[in-house]
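Those sequence lines, one after another, are chains A and B.
Note that the first sequence covers residues 11 to 397 in this note's numbering.
Note that the second sequence covers residues 573 to 744 in this note's numbering.
Zero decoy hints are in this set.
Rough simulated footprint, nothing fancy, chain A against chain B, three-plus residues with beta-carbon under 8 Å: (1) 625-635; (2) 666-677.
On the chain B side, residues computed to face chain A include the following (Cβ under 7 Å): (3) L638; (4) R639; (5) M680; (6) G682; (7) L683; (8) P719; (9) L720.
Simulated DEER-style distance windows between Cβ atoms: (10) A:P369 with B:R614: 49 to 55 Å; (11) B:V612 with A:E102: 39 to 45 Å; (12) A:G132 with B:D608: 39 to 45 Å; (13) B:Y660 with A:P83: 52 to 58 Å; (14) A:S12 with B:Y660: 49 to 55 Å; (15) A:G132 with B:F655: 25 to 31 Å; (16) B:F655 with A:E388: 40 to 46 Å; (17) A:T185 with B:D608: 55 to 61 Å; (18) B:D608 with A:Q144: 55 to 61 Å; (19) B:F655 with A:K367: 24 to 30 Å; (20) A:S80 with B:Y660: 45 to 51 Å; (21) B:L715 with A:A16: 43 to 49 Å; (22) B:R625 with A:K221: 45 to 51 Å; (23) A:M131 with B:R625: 36 to 42 Å.
No lab work stands behind these hints, which were simulated from the structure alone.
Just so we're clear, the structure is a prediction, and the values are computed from it rather than from any experiment.
Heads up, the beta-carbon is just placed ideally off N, CA and C, and yes, glycines get one too.
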Amino acid sequence: MSELQAVTTGTRTWACYDCGKCTATCPIARAGAQYSPRRHVLAANSGQKAEVLEESGSLFTCLTCSLCDSRCPAEVAYTPLVQKLREVAYKEGVEPDCPHGGALQSLMRMMARGGTQQDRMGWLTEDMKTTPDQGEVFFFTGCTMYFDTLFPELEANTLDATRASVQLMNRLGITPVVSPEERCCGHDLLWNGDRKGFEALARFNVDLVKKSGAETLVASCAECVRTWKLDFEPFFEGKPPKIVHISELLAERLGELPLKGNGGRKVTFQDPCRLGRHLGVYDAPREVLDALPGVERVEMPRSGKRAQCCAGGTWSHCDRYAKKIQTERLKEARATGADVLATACPKCQIHYRCAMKDPNLGGDIGIEMRDVAQLALEALGEEDTSH
Amino acid sequence: MNLTKDKTGVMTTARKGWNPRLVVFACNWCSYAGADTAGVSRIQHQPHFRMIRVMCSGRIQPGFVLRAFEKGADGVLVSGCHFGDCHYVFGNEKAVEQFEKTKSVVKMLGLEEGRLRLEWISAAEGARFAQVIDEFIEQLRELGPSPLSRARSGDEAAGALTPEAEEVEARV
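Whole structure, please, built from the sequences with the hints as guidance.
Rendered as structure tokens:
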């Protein structure tokens with residue numbers, strides 16, 4: 011079976027009956043770009059690598075947000091198709107015009123190669139209880155320390171959610187493993203077509219967590235959770251750890267947290283595409299928000315399965331259409347009357363905050379952004395240190 | 573170290589052994605012209621660098637430098653016009669902003685800070701260009717090959733040159 015045949019078989023592109031729902035629902039196509047998911051399906055069905063490469067320009071503009079997957083009546087697995095076609099294109103030497111000068115891709119590839127001792131623990135404060143190697147719960151921090159260093163002007167402070175997650179776990183009596191050896195989960199290399207780089211990272215991280223003896227892996231980044239749950243599967247030997255997003259852990263153990271009011275605030279939730287449509291986790295973050303005293307949750311018209319993506323998930327593309335998608339979404343969030351836009355993925359924070367920096371629109375689309383973990387931590391009273 | 577003096581008293585590097593790979597980003601208006609001045613003034617300096625000319629040092633974002641390290645550079649030099657001399661007035665101030673970010677990321681990644689440098693070199697400063705290059709190459713010799721190029725699996729041995737590069741190296 012040829013490479014493309016394997017792709018079409020695995021993603022059911024043969025079942026496409028050309029109805030065009032994917033293109034009609036695609037956020038980029040709707041923003042006005044010359045872009046059509048259906049063309050990629052047809053290119054794959056042609057069985058010709060040349061056809062795929064011809065579409066490679068737009069192949070990397072896909073947000074991989076899975077909105078079209080959820081609409082397709084023929085159940086074509088469009089998002090996995092794009093991932094596979096990007097691998098085909100990457101092997102042929104096609105690279106996305108990486109935003110940020112490819113800084114993030116380079117970082118990940120260097121981490122995949124290894125050989126250096128990272129200095130990635132600077133964000134930990136003394137009051138946080140963590141252990142560097144062995145423990146029951148592994149906290150996979152992800153790349154937030156790198157994001158904050160590369161984008162200080164956005165003031166996304168994605169590390170705040172990372173810190174909040176550790177503090178919340180501490181309050182639940184968990185001392186998580188936070189390893190200085192951890193490397194990027196490889197999510198973005200995989201979604202940029204670099205399977206070799208991804209596999210090196212996957213093997214390394216799976217081995218690291220195995221050595222820690224952890225039975226549960228917690229991450230505050232929706233992309234890390236997706237990658238661990240779905241893409242690392244072939245690399246586990248023996249029993250894989252239980253993989254949860256911090257919001258799932260909190261939702262499970264809400265009763266143990268002494269939550270107090272933090273003032274009447276309206277909060278609306280932005281479902282990260284990785285957590286929502288990719289993993290089907292819609293309720294956990296909402297349960298956490300609902301449990302916070304003084305927080306009133308309001309929903310945007312497009313939420314849950316219909317949620318709009320932040321338009322920058324895989325660091326593979328950014329253009330005026332992405333900006334348009336972000337601007338519209340922020341307007342939608344403001345129209346709910348919410349004071350805070352909550353999310354559960356650092357990339358959502360980075361991309362929406364970048365859109366808010368537009369000097370022409372800032373006033374119209376500005377809204378406070380917080381991670382669910384941060385909101386939960388803020389609602390906690392002072393720690394009772396008497397016991 | 574394999575530095576020896578040839579008959580004319582010029583320092584040359586023995587061809588065998590390890591030579592660092594330095595990537596130099598230079599702005600079109602000052603530093604690149606500075607290198608040119610070094611050349612036309614026949615100022616001798618170490619040859620182990622590859623130069624990339626950009627219109628302004630402000631263009632040199634973290635991604636450029638990180639890519640150089642990813643591709644196996646042992647060191648990266650970012651150079652531009654002195655403050656107040658920038659052809660685009662504030663470009664080099666942008667360069668500092670970008671460089672600070674790059675430096676933090678490189679440190680976080682675990683590369684030695686001595687592998688990255690920012691220098692202002694004007695079009696007239698040919699001697700200074702040569703001096704900066706010589707100093708930096710010396711520093712890189714002391715640091716040895718980049719840990720990233722050492723960790724490269726399946727590639728040529730760390731620091732070893734491809735046959736074509738070997739040939740170029742032999743000519744200098």
